[in-house]
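The primary structure of each chain is shown beneath.
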Amino acid sequence: TQGKAHSLVPLCSPTLLLFLYFKNEAVCVCVCVHWCILCCVHADAGETREVFQKHQPTHVIHLAAMVGGLFKNMRANLDFWRNNIYINDNVLQAAHEVDAVRVVSCLSTCIFPDKTTYPIDETMIHNGPPHKSNFGYSYAKRMLDVYNRAYHDQERGRFYTAVIPTNVFGPHDNFNIKDGHVLPGLIHKAYIAQKEGSPLVVWGSGTPRRQFIYSLDLARLFLWVLTEYQEVEPIILSVGEEEEVSIKEAAEAVVEVMRFKGQVTYDTTKADGQFKKTASNAKLRQYCPNFTFTPFKQALKETCDWFVANYDSARK
Amino acid sequence: MEDNILDQSAPMRVLVTGGTGLVGRAIQHVVREERGIREGEEWIFLSSTDANLMDAGETREVFQKHQPTHVIHLAAMVGGLFKNMRANLDFWRNNIYINDNVLQAAHEVDAVRVVSCLSTCIFPDKTTYPIDETMIHNGPPHKSNFGYSYAKRMLDVYNRAYHDQERGRFYTAVIPTNVFGPHDNFNIKDGHVLPGLIHKAYIAQKEGSPLVVWGSGTPRRQFIYSLDLARLFLWVLTEYQEVEPIILSVGEEEEVSIKEAAEAVVEVMRFKGQVTYDTTKADGQFKKTASNAKLRQYCPSFTFTPFKQGTFIHSTGNLRKTFWENSGECGLVFTVCLVLPSIALKETCDWFVANYDSARK
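Residue numbers (the numbering used here), protein chains in the order written: chain A, 1 to 316; chain B, 1001 to 1361.
Worth flagging that the hints you see were computed from the coordinates, not collected in a lab. Errors might be hidden in some of the hints.
To be verified - Cβ-to-Cβ under 7 Å is the rule here; a few derived chain B residues that face chain A:
#1 Ala1087
#2 Leu1089
#3 Ala1161
#4 Asp1164
Claimed, not checked - The calculated label-pair distances, taken between Cβ atoms and stated as ranges, are:
#5 A:Val101 / B:Met1135: 32 to 42 Å
#6 B:Arg1086 / A:Ser313: 44 to 54 Å
#7 A:Thr123 / B:Ala1010: 43 to 53 Å
#8 A:Arg285 / B:Thr1218: 40 to 50 Å
#9 A:Thr292 / B:Gln1064: 57 to 67 Å
#10 A:Arg285 / B:Thr1049: 50 to 60 Å
#11 A:Gln263 / B:Asp1125: 51 to 61 Å
#12 B:Glu1033 / A:Thr123: 26 to 36 Å
#13 A:Tyr118 / B:Asp1125: 22 to 32 Å
#14 B:Glu1033 / A:Glu231: 54 to 64 Å
#15 A:Thr123 / B:Glu1244: 20 to 30 Å
#16 A:Lys54 / B:Gln1067: 33 to 43 Å
Glycine residues also receive a C-beta, built at the ideal position from the N, C-alpha and C atoms.
The whole structure should be built from the sequences, with the hints applied where relevant.
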């Protein structure tokens, strides 16, 4: 059995907490209220089973994972691999044992093959090794898809599935500069640089490209998947390919929204990570042609405002 | 951690998981009868009665007890086509547990070397041929045994991760093709194709009934004799320095169809009855042709035991070619093979008949 909370995300990802604010249905509240407990016990099979037995969920949204940005992953591929495999195995098996009819897990576009054609789509997950910077995390996430197929294959009627978001951002993120993801890292750096009158130093060349999805949009789509999406095969949840921006453009957007007046520099001695991960949202568009994503600058502003207003308590 | 994984001066303490299985028994035989156990060396062959490797605590305990410096990790939940098709989830989960427990326990006792065992059945289903070591993760495996396949593939991920995060760890893996030999699982329903055919031929002979081969007989396989695999395993344990895995197999030209394999079994078992093909049964993957070029680069002179009576099962032209190719380097060994045939299939069949009562079936 593994260690506990210190190696796991101790609080919710931005997505699930927001369920509390705009959806008041029993199942959502139940999941949210118990989310923090679930986060801390997933690496232990016994504790996981216990909490599932206690709550007897009919539906599960499985978001818990050991996560981190590029630099944290590069140092600890073994830990990312093992801890996430344990979490996923414990959760899926516990859900199955209480006969939950639905489990929706969360993958990521960073797990796709490094050498690939673009845009990537749902059929390509296993078509080659992932980027070497985070191969431990990537393989663990990929194996969620294997779990879903295996439960469907061996335990007839199990339609456990997964979503694949691109880069998520929003309130309640992990804004730790060293271990967090790129957007919250930039927001935090801009905040500090503004206070100290120092330059905003962007790690890397600024050229890699990403599609960003606002956590609230992801949450809305998650709820749709939970009740309407009927496949075992995963589904990419993302803005379209045309919304892809470079890290430089993202940094400039942060500068504008935070009204940062200082200098912006690029530390090219730092790793860039994967150059692009352009994902197709064609499958989503087939199912939900009318879904409207929150415009990037608006979503970014809400996130920055939240961070500034909650600086003291924000995870960083 | 030791700087030199090939430090031959320090005596090894080798722990073999799955030590009483098909490959484990072959390694036992080669270590004791051919190589010999060197001074100060210890070889421990574990079976499932020694520890339940799906349990982390029991695994850690047996590793702490023996403090191995080297590990040959063979233990797995295995089975032929039909068993896999029914239980992909169990094959996935049980093998992930076993592999995680063994590798972590080995790491914790500072074992300098772990050699795990993959299989060519784990390669991508949609692929070009021959397959080689770089292609393991290049697409989903055949759907009949995807649970087992992914669990085995993840051994390669473990090896890279231990090397990546725990500097100096050169844990690696071998990739045999279809293994056969004495001490195999001859269960018709759950075993692999060759032992299944041998057992069926034995029963058909006794009962005067036809030998029914499942499937069309057209799929193709490379078979490696367990004793040859054992010899190569020992070489990998002490000489092979890469984290990347290595295919251990006869050459591509040795690939045979299931039909040819069945005919070889019929000949060796001297089965006189009728042979039929039940095409309502699944065929499994059509081919898995693997390249042994990497092995040949390292061990150009290694000679595989002939499959059956002093001949290779392919055309006369190829036989002549193979003979002349081999004779230049190991002509003496080849000649010895013809005079005193060490015949893989015959030895296996003889063993099965002699040990019918106690054989796993």
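In ascending order, which of the hints set out earlier in this document are inconsistent with the structure? 12
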